[in-house]
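> This is what each chain is made of:
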Amino acid sequence: MARRRQAPQPGPQQPRIIQVPPLDVSAPRSMRRAGRGTVLLLLAFVLALVYLVYVLVTRSAFYMAKSGQTGYGKIVDRSGDVLFDGTQPMTNYEKGHFADVGNLIGDTTGQMSNTVAAKNIELLANYSFLYGKNSGTVTLKTTISHKATRACYNALGKKNGTVTAYNWKTGEMLVCMSKPCVDTALGYDNLDKMPEGSLLCKAFSPMVPGSTQKVSTLIAAYEQNGIDSVNAVEFSCEGSWVNATGGKINCHKKKGHGRQTLNEAFANSCNPYFAQLVQSRMMPLSAIIETYTNMGYSVNGAKADALTMDKLVIPAASTTLTNKDEFETQWGCLGQGKTLVSPYQLMLWQGAVANSTGVAVQPYILASHTDIENRVTVLGTTQKTKRFFSQEAAKGVHEVMTDNAQKHYNVSLGKYTCGVKSGTAQVEENGKSYENSLLTGFCMDEDCPVAFCVVIEERVSTDMSTAQLTKVLLDALRKEGISAKKTAQ
Amino acid sequence: MDFTELFEKYPYLREATTAFVVIFADICALMILIAAARERRRGDRLWAREGRGYMLASGATFYPLGAAEILIGRHPAADIRFDDNEISRFHALLTLSNGQWTIEDIGAQNGIFVNGRRVTQPRILHQNDLIQIGRRRLTVVRGTGKGVA
Amino acid sequence: MSGSRTGPVSHPFLLLLVLIAHTAMLVLVMMSFGINVEVFKLACIVLMFDFIGAIALQFVAQEACTVDTVLMLVLGMSTIYQSCFGGLEFAWKHFVFGIAAFFGCQISYVLVRNPYRAEKLKPLWYILFFILVGMIFFLTGTRGIWIDLGFITIQPSEFVKPVFVLICASSIRTQLRKKELWGIHFVPDNLMLLFCTALIAGLQWYSRDLGSLPTFAAAAGCALLLRFSYLREKISVRLMLCMGVGVVFVCIMAWKLAPSYVQDRLHVDIWSDMSGSGYQQVKALTAIAEGGWFGKGAGNGTLVSVAASRTDIIFSTICEEWGLFTAIMTVVLVLFLPASILTVPPRSYYHSGLAICVSAMFVMQMTLNIFGSCNLIPFTGVTIPFISQGGSSMLASGIMAGFLKAAQAPVLTGRSAAQLQRGGGR
Chain A
1 MARRRQAPQP GPQQPRIIQV PPLDVSAPRS MRRAGRGTVL LLLAFVLALV
51 YLVYVLVTRS AFYMAKSGQT GYGKIVDRSG DVLFDGTQPM TNYEKGHFAD
101 VGNLIGDTTG QMSNTVAAKN IELLANYSFL YGKNSGTVTL KTTISHKATR
151 ACYNALGKKN GTVTAYNWKT GEMLVCMSKP CVDTALGYDN LDKMPEGSLL
201 CKAFSPMVPG STQKVSTLIA AYEQNGIDSV NAVEFSCEGS WVNATGGKIN
251 CHKKKGHGRQ TLNEAFANSC NPYFAQLVQS RMMPLSAIIE TYTNMGYSVN
301 GAKADALTMD KLVIPAASTT LTNKDEFETQ WGCLGQGKTL VSPYQLMLWQ
351 GAVANSTGVA VQPYILASHT DIENRVTVLG TTQKTKRFFS QEAAKGVHEV
401 MTDNAQKHYN VSLGKYTCGV KSGTAQVEEN GKSYENSLLT GFCMDEDCPV
451 AFCVVIEERV STDMSTAQLT KVLLDALRKE GISAKKTAQ
Chain B
490 MDFTELFEKY PYLREATTAF VVIFADICAL MILIAAARER RRGDRLWARE
540 GRGYMLASGA TFYPLGAAEI LIGRHPAADI RFDDNEISRF HALLTLSNGQ
590 WTIEDIGAQN GIFVNGRRVT QPRILHQNDL IQIGRRRLTV VRGTGKGVA
Chain C
639 MSGSRTGPVS HPFLLLLVLI AHTAMLVLVM MSFGINVEVF KLACIVLMFD
689 FIGAIALQFV AQEACTVDTV LMLVLGMSTI YQSCFGGLEF AWKHFVFGIA
739 AFFGCQISYV LVRNPYRAEK LKPLWYILFF ILVGMIFFLT GTRGIWIDLG
789 FITIQPSEFV KPVFVLICAS SIRTQLRKKE LWGIHFVPDN LMLLFCTALI
839 AGLQWYSRDL GSLPTFAAAA GCALLLRFSY LREKISVRLM LCMGVGVVFV
889 CIMAWKLAPS YVQDRLHVDI WSDMSGSGYQ QVKALTAIAE GGWFGKGAGN
939 GTLVSVAASR TDIIFSTICE EWGLFTAIMT VVLVLFLPAS ILTVPPRSYY
989 HSGLAICVSA MFVMQMTLNI FGSCNLIPFT GVTIPFISQG GSSMLASGIM
1039 AGFLKAAQAP VLTGRSAAQL QRGGGR
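Residue numbers (the working numbering), protein chains in the order written: chain A, 1 to 489; chain B, 490 to 638; chain C, 639 to 1064.
This is chain A alone, in the form it adopts within the complex (with noise of 0.2 Å):
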């Protein structure tokens, strides 16, 4: 309806006479309504403008330093130790300094895109909005323990291997170290002659895990049947066991560890024991399918999400289950033939089983950064990850564990309150044929609360063994002081 005005007390005998209010020259509605819609537009527009500018000023450290147009800052470790240093040439840092984060560090050149430095480059600008560019120096404090890496990869010696480590109560990442490394200092212009997989960080790569498998097996068990009924199941080995379908599972000792219990099996790695657990009536097969897909595993090719870890890539496991009662599926279910997990991936469900609850703590690299105008914002907190596994199963999972550490493994693992699985991966690449020798676990002890997942690359007997290379990595840790949290600064 129009405007109305109220006109003082018209005469009701004299209709024509009418006392006059002010003129109302108001446009009418419906044509205030294209004024209306201006308005919108214009709103629009202008909200939009808004937008803009907060994404150009939020964005613009990253547009620079994408196309290379400003100078970078430093990566530091958790102790201040330069990993990376864009302002001078990093030939001034002693010999192969870099050597051993290089692959996970990496640099602003762009020739590894899954790397802290390629990842957050954006962070390492110096440059903001307001100063310009090369107005000051940026650092990015991450949770690396430089010290542990470079104990790590000393020990390794001429092997190859990949040691993660992270502390499974605030999260930190502490040790991510590959082995064959790119120097990140020596640049990329004898790239055709460094090792394969020098660029690449294998701790982030899917890789067989061997019988480190059986613990997601185990998981499914108690998962599906209790603690209780599963530890009192008991098989027996003779060396080697014929399954329904006719295929046979080998026992890596050919004489067979004749009847056993779960925990000894366990500890004895057992193949047929194992087999035969799955092939029993007590693990259907979609509660195996199930199980593994909450872990994170892409089963029979179902997508499941890559895992995240400030910015870094890490693809998910992988594992082919069609019929339990075939070697495929047994095999694959023990480790071997089409399994795939990624060290990273194994030490963060141990990061679930050592807290006894089934979510882990989720691992975070990046500590802090401290701007150009030495403003300090930190970056990693303390987050929980999705459900893994239900805590009876990370409860079961610990005890069959911590039993298995101080079983066999107290003399190399010394004084450690540890939880361990061992594993070994026959992988056959390029006609070779060869073992990688893995070791997963976690240590309870309050001044190193570390899950962990080292792997030694076609080790033989002779080699320095997992639990060897463990007992560096915890003893590296500890004296480094990683219980203290000491994210800022």
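Note that these hints are calculated values from the structure, not bench results. A few of these clues could be false.
As the list claims (entries may be wrong) - Pairs of lysine-lysine, DSS-like flavour, derived with a Cα cap of 27 Å:
# : chain 1 : residue 1 : chain 2 : residue 2
1 : A       : Lys253    : A       : Lys311
2 : B       : Lys498    : A       : Lys133
3 : A       : Lys386    : A       : Lys338
4 : A       : Lys253    : A       : Lys432
5 : A       : Lys193    : A       : Lys432
6 : C       : Lys894    : A       : Lys303
As the list claims (entries may be wrong) - To give a feel for the contact side, a few chain A residues facing chain B, derived at Cβ under 10 Å:
#  : residue
7  : Pro21
8  : Pro22
9  : Leu23
10 : Val25
11 : Arg29
12 : Met31
13 : His97
14 : Ala99
15 : Gly132
For glycine and all other residues, C-beta sits at the position ideal for the given N, C-alpha and C.
Dock chains B and C against chain A, hints included.
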């Protein structure tokens, strides 16, 4: 004359000056918009002159004639709307042209009467004309106030 | 300062502000280049233009001064910008087209000031529209969008814009003129508008330049919305939902059916192809980052070496040299043009249609240009009115600004009672 040396000598002098000048220019631009807002009153006055200050009165209710075309009818979109069954949905159209308001029939079933005569062709309205639409009676009145000639 | 009550109250004051704003910018230019002949030349020409413009406008009876003032402010600023990019050289061509746009504004103002007459001339607009569309179709050679006349190249697709706006606007009287065919009531004018929109869309598809299609679509959409709402009390939630679903459906279909060269544009990740298809945008974004809030100083930019630095990615070029703050201010200044109709509302339906369509076109063009070059939406080659280089775009924008001015100072003559009687009311 060169300012380069001066700017090198005092860091952020250039930025500060730029900021000052840009903000100054901004204020000028803003003032232009504020000053332009004053045009509104002038626009109203111009319209009052153009439209002779005519309004329609129905009893104690007054309807402003604020656009060049005013639609009278029962339709919800009509500028002057009467919810009355004797009035067609689109009944009459008032048009301003050459400083004169005309009324025309745009499909009224019961017709329009101005001063008692049925409108068959567009008809010019004068002050105090009585328009009859259905049972409604509308009088052409002239608003008072500044700008009304 | 104040003339008669209905005269140009604030005009001299406004023009003084324009002079001050331009002087402030010229001070910045002087700070960058020192005091030399070129700076002096630029200052003289820009300030003289303001001065002569101010005097000239005093002699012409002015009913709507906001549009003129903002236009002079924007044109002067863009001349200063264009003269300083990458080094000082007076942008003669830009300046001349700026003046032409200013005159274009006045001419179109006079032409469409009378909404009755402007609408009566609609057949003429249709003819013009079809001539321009035909020119694009037949004369632009190998699917290009320019016509080369030797000494000058014109872009007919720019001139289609003001003509299309004239077609978009409509009055109540036209909307009441319904026809019936096979039991369906329809308004011929609305049908014509739909046909013209479809024609434009088809032509853009044919000439493989879908960049300015959203501009036309926005104007047509606003016009149709306005036409619907003439005859409706309010736009109901259901209608809104239906239209929203329709728009989403059309967008999805367009997305799916878009030709491959459009698909490529939609999916480009500029940071993974920094030297290829993402080159311009990467350079543009980096330039904005380098410029910061207050820029590197006039003439110190490096973006001039990139293609289309004065047209498609001009926002970034201004950001680099003058800073994000100034660039945003410039954009907001251009917004003052459509915003001016909020101070003095249009008084006829035809004019309000013109105003909202022009607003939609200006806003859409700026959206496509600015957000496209900043990689928030697909990058298309669209210009910012009055700021980007390009004669055709400048003139067309000037003509459209004239529509806004006309809407603020209408002349309502020509539809006398006698004429109406001849034309018939029904």
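> Are the hints correct? Go through all of them and say.
Hint check:
no.	hint	result
1	Lys253/A / Lys311/A	violated, 43 Å
2	Lys498/B / Lys133/A	holds, 19 Å
3	Lys386/A / Lys338/A	holds, 25 Å
4	Lys253/A / Lys432/A	holds, 23 Å
5	Lys193/A / Lys432/A	holds, 21 Å
6	Lys894/C / Lys303/A	holds, 25 Å
7	Pro21	holds, 6 Å
8	Pro22	holds, 5 Å
9	Leu23	holds, 3 Å
10	Val25	holds, 5 Å
11	Arg29	holds, 7 Å
12	Met31	holds, 5 Å
13	His97	violated, 35 Å
14	Ala99	violated, 41 Å
15	Gly132	holds, 9 Å
The earlier numbered hints that this structure contradicts are 1, 13 and 14.
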